[in-house]
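Trainee: I would like the entire structure built from these sequences, with the hints used as guidance.
As you go down the protein sequences, you meet chains A and B in turn.
Under my numbering, the first residue of the first sequence carries the number 1, and numbering increases by one thereafter.
Under my numbering, the first residue of the second sequence carries the number 1, and numbering increases by one thereafter.
Treat the hints loosely; a few may be bogus.
Claimed, not checked - Derived DEER-like restraints, expressed as beta-carbon distance ranges:
id: 1; chain 1: B; residue 1: 83; chain 2: A; residue 2: 175; range: 51 to 59 Å
id: 2; chain 1: A; residue 1: 34; chain 2: B; residue 2: 427; range: 38 to 46 Å
id: 3; chain 1: B; residue 1: 135; chain 2: A; residue 2: 111; range: 47 to 55 Å
id: 4; chain 1: B; residue 1: 492; chain 2: A; residue 2: 340; range: 29 to 37 Å
id: 5; chain 1: A; residue 1: 112; chain 2: B; residue 2: 274; range: 15 to 23 Å
id: 6; chain 1: B; residue 1: 455; chain 2: A; residue 2: 182; range: 46 to 54 Å
id: 7; chain 1: B; residue 1: 311; chain 2: A; residue 2: 262; range: 57 to 65 Å
Hint data in this document are derived by calculation from the structure and do not stem from the laboratory.
All residues carry an ideal CB built from backbone N, CA and C; glycine is no exception.
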Amino acid sequence: MKTRIILATLATTLLAAAPAHARIKLVALPERARVVVALSNPSATLVEEERILTLTKGVNKVDFSWRGVNIDASSIQVRMLSHPADVKLLNTSYPPNENALIWEIASPVAQEERVRISYLLNGIGRDIAYRAVAEPDEKSLTLRNYLRLNNASGEDLTDAELSIGYGAPFKKSIAHEEILEMLSERIEKLPIRKVLRWDAAQQPWDPEYEKKTVGIPLNYIIKNDVASKLGTHTLLPGKVRIFIKTRDQAAGEGEAAGEGVAFTGEDWGQLTPVDREMRLYIGQSREVKVTQRKMKDDRVDRTIRRNLQNQVVMWDTDEIFKIEIENFKKTPVDIVLVEHITGYWKMKESSHKYEKKDAFTIEYALTLPAESKGTNKTTISFNLEHLNVQGNEPANY
Amino acid sequence: MNTPRSTSLDGMPNAQCPMPNGGGPGISHPPSRHVGPMRPIRPIGHWSLVIGHLGLCVAALLTLLLTHTASARINVVTLPGRDTVQLTIYNSADLTLVKETRVLTFRKGVNKLEFSWANTLIDPTSVEFRALTHAEDVDVLDASFPPRVTNTLEWRIKSEFAGEVKVEIRYFTSGISWAADYVAEANKLEKLMALAGSVRINNNSGEDYEQAQVRLVVGVIRLVENIADLANAGRPGQRPPPPPGAPMPAALTAVPRAGLMRGMALAETAAASRPREVIKEELGEYFLYTVEGRDTIPTGWGKRLPSFRAADVPITSYYKFEKERWGDAVMRYYKFTNSVPSKLGKEPLPDGSVKAFRTVTDDNLYAFVGSTSVKYIPIGEFVEMELGADQEVLVKPRLMDWQKTDIKFGNNGNVAGWTIKQTWEFELQNSKEIEVVLDIRRNFAGDWTLVTQQANEKVDATKVKFVIPLKPREKKTFTYELTTRHGTNATK
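Mentor: Written out as structure tokens, the structure reads:
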């Protein structure tokens, strides 16, 4: 498809005598000398193109028009590159009912001027797609980032330098209505953490009462830092598809023996700035079983306060929880158990170390030994008290 | 399409405003003062002037009423164009004051001058006439809006002088607007920026204004009626009475009219090889920008003119967090001062739109930072350009502890007073490669006290501000303890 952006220098002498709004065009059509497409802003595409104008001495009129291209007219700028001190933009005129503008550019002598025209172009869709292949031990993976551009801008971008805000720009051509996918980054042996996350507010407490085996959400955690061979730029949001290497794949029809892959799940990766974690929920594990029960839930007699109508208005509690965890896998498993505790409370006793994430949330992070089931299961218990309870305690802020 | 016409005294259409050289709508032509030969517009008792083109006609039916008989007269038709046009365009209202001068030839006695306009947006209640030369000899007796005719008025002008008189016609029109826009170009470290301001004028008034001096008013004026409504009415109508207690109705309040008349004697033509200067002057509560030289802005067209450019303006990459305003988002700003030490400060900056870029390569390629609007910024005021949410700066407040203590019971045994103690921890993280400054605001209601090691400023009775700089890639935390007293525990 031909370019739809037209740049024309107009003969000054013709226009000097013509009425200001007679539209005479097409004297010269300078080709683009360079096109740079900046995709660093997720909500806008900035195009900068350089063209060489042949200017006459005096005032030159340069017509910039576009048709079938969705340009934000208010964003169009022109900058002089060859002689910025001498060649001046005098003004910009906007003709009615046209996608066009006319620059008046003054040049002290007849000369060529390289100009950079920048504008925001709508219709360039961009997706980031991640494809990861995890090692069989699920401790590291190979991550490929693909940039997928969908050019519905109406404009053919030929030999454009594409910049996504990090790394070196790469030169590509992408025609109108073309979708182009390109590998933008590849990281080998990127360390990951695989963690099961059981949340007491979301998971059933007693699997025995469930008709189906309870699956525990499985997360891969990628940290965007130098230690993880990342940390140079923000990871953009996009779909992450995760495969896992399968060992010793037998030779099949048309397929060589060796490593194959199996798909293990996908998630939307959130925008992840440097030094933060991308958490990917890729599926559920049914090899780990968590059973939680509240073993004690008492009001403490001596703390009960009544009003003159003999109604209880305040009390303290004594509560004991027990969590039993079984790992049926032949490998150890990392799991995080999330407990939500409302109001004013104090922990009296806990069998395991926990981390207080906020006023109303604690987490137990533990590694379950391989095949720790039956009598070898892991048991957590904790005893807490709620204080000054009125029945209207906040669960979050 | 414009359908200009002039109208005879008895209301019969009798002449078209000329469309010189056969030009159609949308084509303007340089005005000429004398065109001939031309047919008399009305054969008896009149000589006429037909002025203008396109939508706006000034048909000067200079009639000797005293000889309003059937006697044949010599009819002289001339075509005086506008000698000068001045547009004073307001940005706070759809209002432009047009001032044009023309030279008319009067006879002694009472002359009739017809002023008509079609397909334009002129406020008929605003049209004024005055003689600039021989003013003591030329008096406007009255102005009449003829029956059954719209967009026309007739002045009866008594002249003690016969000959050429330079007159000024002044009126309001809607449909011409101007707006400021800016390009902010921050350097890579976001410590300095170049700020370029432009003014853009759009003419949708239906009238071409050729070789007009353009003046732009920065300021807020009051209008009790929209000029466009008045224009669409075509004729002065009955105004609604003002509600009780309302200020005295006036088309404009506090328009610095005397001031607007100043600054006329500017250069007629700017040097063609340089951008024209936009001269700024202060007028009471307003600023007047006068664009050097003359401009032709045909109807339908817009024009953008550079207004100023300042390089190396110091900026702060400033980030704000206030949960009540933006939820969990951290908002990004460029902060600078409109002052001389900041390479600005020569004039207030009119409210307008901003496109912000950051140069990211040695050859000054841009990254688009965002577009926003700025408020009107007086000289000396600091400026915050809001550039949208930025996820690369994290502010994560977490309530780490919550206690309900100091319980008091009332006479009926119910809980009457209590105190809540909260411990908050703020996780701050700058994932950028540049320094940033964080502005975190917290709002507290009721009887509260705050204890923290972190420097802060009490903005008002319910708001506290923490300003915390972060180095590139820096992480920080700070905490505070908030105590709020409720019921009978509250002391204020």
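Trainee: Looking back at the numbered hints, which does the structure fail to meet, lowest number first?
Mentor: none
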